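Student: If you want the building blocks of each chain, they are given just below.
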Amino acid sequence: MAILIDERTRVVVQGITGNQGRFHARLMVEYGTRVVAGVSPGKGGTEVDGIPVYDTVQEAVDRHGASATVIFVPAPFARDACLEALDAGLGVVVAITEGIPVHDAMEIMTFAQARNAVVVGPNTFGLIAPGKCKLGIMPARAYAPGPVGVVARSGTLSYEIAAALTQAGIGQSTVVGLGGDRVVGLTFVDVLRRFEADPGTAAVVMVGEIGGTAEEEAAEFIKGMSRPVVAYLAGRSAPPGKRMGHAGAIIERGRGTFESKVRALTEAGTLVARLPWEITELVRQSLAKAHGSKASRGPAAP
Amino acid sequence: MAILIDERTRVVVQGITGNQGRFHARLMVEYGTRVVAGVSPGKGGTEVDGIPVYDTVQEAVDRHGASATVIFVPAPFARDACLEALDAGLGVVVAITEGIPVHDAMEIMTFAQARNAVVVGPNTFGLIAPGKCKLGIMPARAYAPGPVGVVARSGTLSYEIAAALTQAGIGQSTVVGLGGDRVVGLTFVDVLRRFEADPGTAAVVMVGEIGGTAEEEAAEFIKGMSRPVVAYLAGRSAPPGKRMGHAGAIIERGRGTFESKVRALTEAGTLVARLPWEITELVRQSLAKAHGSKASRGPAAP
Amino acid sequence: MKLYEYLAKQAFAEAGIPVPPGRVVTTAEEAALVCREVGPVALKAQVLAGGRGKAGGIAFADWPHEAEARVAAMLGKTIHGHRVDRVLVEKKLTVQAELYLGIAVEGAARKPVVIASNQGGVNIEEVPEKAIVRRLVDPLWGFRPYRAREVARRLGLTGREAGQVADVLHRLWGVFRRYDAELTEINPLVLTPEGPVAADGRLNVDDYALFRHPELPVVEEGSELERRARAMGLAYVQLDGDIAVMANGAGITMATLDILQELGGRPANFLDAGGGAGVEPMTRAMEMLLEQKPRVVLVNIFGGITRCDDVARAVVAARQNCGTEVPLVIRLVGTNEAEGLAILRENGLDAYTAMQEAAARAVALAGGPR
Amino acid sequence: MKLYEYLAKQAFAEAGIPVPPGRVVTTAEEAALVCREVGPVALKAQVLAGGRGKAGGIAFADWPHEAEARVAAMLGKTIHGHRVDRVLVEKKLTVQAELYLGIAVEGAARKPVVIASNQGGVNIEEVPEKAIVRRLVDPLWGFRPYRAREVARRLGLTGREAGQVADVLHRLWGVFRRYDAELTEINPLVLTPEGPVAADGRLNVDDYALFRHPELPVVEEGSELERRARAMGLAYVQLDGDIAVMANGAGITMATLDILQELGGRPANFLDAGGGAGVEPMTRAMEMLLEQKPRVVLVNIFGGITRCDDVARAVVAARQNCGTEVPLVIRLVGTNEAEGLAILRENGLDAYTAMQEAAARAVALAGGPR
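Taken in sequence, the protein lines are chains A, B, C and D.
This note's numbering applies: residue 1 is where the first sequence begins, and numbers increase by one.
This note's numbering applies: residue 1001 is where the second sequence begins, and numbers increase by one.
This note's numbering applies: residue 2001 is where the third sequence begins, and numbers increase by one.
This note's numbering applies: residue 3001 is where the fourth sequence begins, and numbers increase by one.
Treat the hints as calculated values from the structure; they're not laboratory data.
Keep in mind the model is a prediction, meaning the values are calculated, not measured.
Watch out, some of these pointers could steer you wrong.
To be verified - Each pair of labels, with its calculated beta carbon distance range:
id, chain 1, residue 1, chain 2, residue 2, range
1, D, Arg3230, B, Gly1045, 47 to 55 Å
2, C, Glu2125, B, Arg1263, 18 to 26 Å
3, C, Gly2050, B, Arg1193, 33 to 41 Å
For each residue, glycine too, the CB sits at the ideal point set by N, CA and C.
Only chain A is shown next, with the shape it has when bound in the complex (with noise of 0.2 Å):
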């Protein structure tokens, strides 16, 4: 089991006549991605690696039932790729594009929100369910199936998280990258909620960074959860009231800190790993103890 996608998601890849597109589009359909479809405006009726390109994305839902997209279309022009796939119907939109303008995200996240539908990133690495379906650009040797959910910020954190939980045997159900913006699609809270839902989940790996606030909201709906969460936090070292790289990780208005998150969600149960190779023995502590009192009531870890 797995959220948001799995092995029967129709992908259709948007922009994928270019570099970017094409490349990933490959590794995509290598993984096993049901890709149905390529979207690039004027280059309807051509093919990239036998995947049939159409202009526009109505087309490719009507012929080929697609259900999610993944958009590589370059910045300027993101902002109305992402509204096509919304207006025609796809459920699950995840924006690879680094720098779309903040105005065009919130543009986006309205309109996707009248559509009921989700959108990944945008300046997200996408999405995986370990075996079944690779809706983005993470490395695919670094995960393996099996019961932990894990949601991030940041892609490259999380690829080495994933990468040592597979290195100790642990798989993991759905990996998600919320993305690296300010504004995106997604909350910690949206993907824990569906985590807990979810039966092939057992525990959960949080990745999260100083800035915002979007932790701290987490450790309140965690307080509520019955899957244990793991989480690590990037930023303890950053000096206050600089930039660092992502539009997020800025520590401003005394909110957002390092400590302040880790009192949060430290409250809320949660095992706070303090480096990152700490994290794979405390999911392993989770998943045992998880497997031990909720056996009688919830989802059983492989």
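Use these hints to put chains B, C and D onto chain A, whose structure you have.
Tutor: Structure of chains B, C and D alone, referenced to chain A:
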């Protein structure tokens, strides 16, 4: 009984400090309408004929639980006034203002739909539930309480018809002016549906015009109505392609001709008066028949 | 307000829609100059009448002297009652295909509607419905580029051409919004080897929104009389009968015309004095009617907001100002009815209460039913 | 991109928001001229640093010679590391009251938020929450005039003043949208006898949206080094330690800094080479780090999109180009790991697999934990 409004309707008058607003607010109060507040930006804290004036509609709602509004605000500011009323949660917005740009009207109607609210007008005389509540600029003497619902595109023509009914001893449940502009909030069908569901309405008079296809759509609806409908249509003698005052009263592209409307209505079982003074007699016949045939199942004409 | 073709095309060009090279001229010499610059040209009389082609309002010329001669013949000519003062001289296009693109206000849906067809160059009403693509637009969301691409696809376009046409349609949406248009059309959009070009266009601006567009020139439409009425804030339409009519409100005015016709009379005009008009504008309106020397004038007033005494004062004043003997038939009921009647009687006039009687009397005075 | 106060005010003025009369100057003589024109003036150093008032970046002058002297003293001065090149010289205002008006992107709500307070002139973070009015805005509907009026009412304003402030706030929304702002503020909005005036303002434009604003001047922020890095498309932040760090991805880079600190080391910088960077930019990035002569450089790469062989090539090239002896600690795993290690070994370098070991080694080389 009446549709849309009744004696409990709590009314705001927007633009109450203008000449028209002040004049008609007084007439509405005299009629017995519960005008609870006026709104006029910059004039908050003052009074007009004992009616408290506020700067914002929200304040009028907060303090007086207003539920409807009548708008006399000049056309350049009318869009904002309508959106303000809708955003403050008012369920019935009567836009008397003439000359609201059609693009503004389209925005207003889109917002009203999102808010599940009714806009009457723009460019309407308003609506009146005789003896209970008057939201508009119609001459009160023309009306009396009774079992006939009246819905009209045009103001003066409907005053004339209502006055004739009243003189003949036939009162009205509600009289609704759709408004003369190309884009208005209510269609004939919207109002007919409400009359059909209103226990206080036994028959309906529909006053239409050439142009558009609202009368043809009404005819379709009328086929399924239990209440009898009497119609009068203006514009038989209008030459094609000439705009006769109202934005709607223009025959274009072979649609919305007098003949097509009469045919559609007649086929739907509507009695179509050829001259305005025939209406009263047709209504009398309809009421008598309705009374006879529906004594056991429908509302009784008093 | 309907804009002349050349103004519509200026708006298109500003929005980045390709239009043929050329410009509007007021003299034959200028036409020759343009032809020298751009080569073979189309010459198009700038009038708001439809069907100008058949009426000699469109011509072509390959050489400057030819352009000069044809424009000389065109200027000053009258097409369907409109004098030709300006001619648009534009490069003749190499036509591969012609499309129709239009955006209008769809009253029933309360939304803008985009209309497109790959059968352009003819009246869109004559195109079969199945060859037309229609798309309602949420006025808040607007018509986004991807929707334009979807329309282009439905027109059967592909590749670069689809993208170019989608781009034009998206820009046309910008024109529709920017100018508060009731209707804007490109017909035809000509597909040339160099890309699509708006060969002819319309841009009708919502009269109610003109206050937002002080930059627009005033384009006067209709007859002299209709323009005068509009300047007074009155809705006036010239008809071909002999019974002049003044009423208050569009519906009652239309009904009055219908009644006259039903009784065998022939109305001379539609004149809606408006609900709640004051003495002054009503006087002007009456004067305008009297000046036309109809056989009879019918005044049909149901006083709601309009006060009967104001009407009576206007009628009396206009009659005095014009010193005319045209017979007046007045029907006057409603607000301040007694005061109105008193004023009329002081001035030797009387009034009916029933519309029916007044209309019948007017028809009789005009010579009876025909 | 943060705009200087005078640029923010230009944007305000274009949008119809009243700003004090005056202009930005680059010489003391000009300051005297402005003072002669407008009377007593405020003199404000145009630097992007906060707290410029306490650092001597704000002064007042009643007379031209005074303005000249004070601006002369201000120009060339350094405020919190920023050299003063321009001074905004503006008419001194008669202050009746000071408000705060701001519009920002609220990430959690994914919407713009309007923030207002009648306690202006101070840092908004210091204003108690109950004195602050907040309103989320639907980005499609926009912030309509009536909502601005409602905010003005909540600030306790009435009558003409409420209308004027609402108008300013509504126009500020226009600035926010027009400039793709992340944040725009008027603080304080001074209520004067002649109406409200934006006495100080901020306008931070979304870097991602700069492609839509070619009209804006480029305002460079940060240290020389940070600017250089930005020009290369890298995210670089100068820190005060001695272990230079390069990693790929903001999260892993932050984590690397955290780990070093946890182990007792002191990172010299944040440098995110990005996911999937090529050899060339990574080489430039490495060179930049080496030039700073840190005690040690730690390269921490988990190759996902980034290829380990590219990283190895970049490290080798940078080392050769700089001819430096700064010790390198490399951790390299992931895509093309074997190829990367081979390249390193050919050049006498080695790499760790575990982040933990690499970090510990870097701290040891920098002199051990402190």
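Student: Do the Cβ positions of C/Gly2050 and B/Arg1193 conform to the proposed distance bound of 33 to 41 Å?
Tutor: Taking Cβ atoms as reference, C/Gly2050 and B/Arg1193 lie about 39 Å apart, which means the hint holds.
Student: Per the hint of 47 to 55 Å, is the separation of the Cβ atoms of D/Arg3230 and B/Gly1045 within bounds?
Tutor: Since D/Arg3230 and B/Gly1045 have Cβ atoms about 53 Å apart, the given range 47 to 55 Å holds.
Student: CB of C/Glu2125 to CB of B/Arg1263, is that within 18 to 26 Å?
Tutor: Since the Cβ atoms of C/Glu2125 and B/Arg1263 sit about 20 Å apart, the hinted range of 18 to 26 Å holds.
The structure meets every hint from the earlier list without exception.
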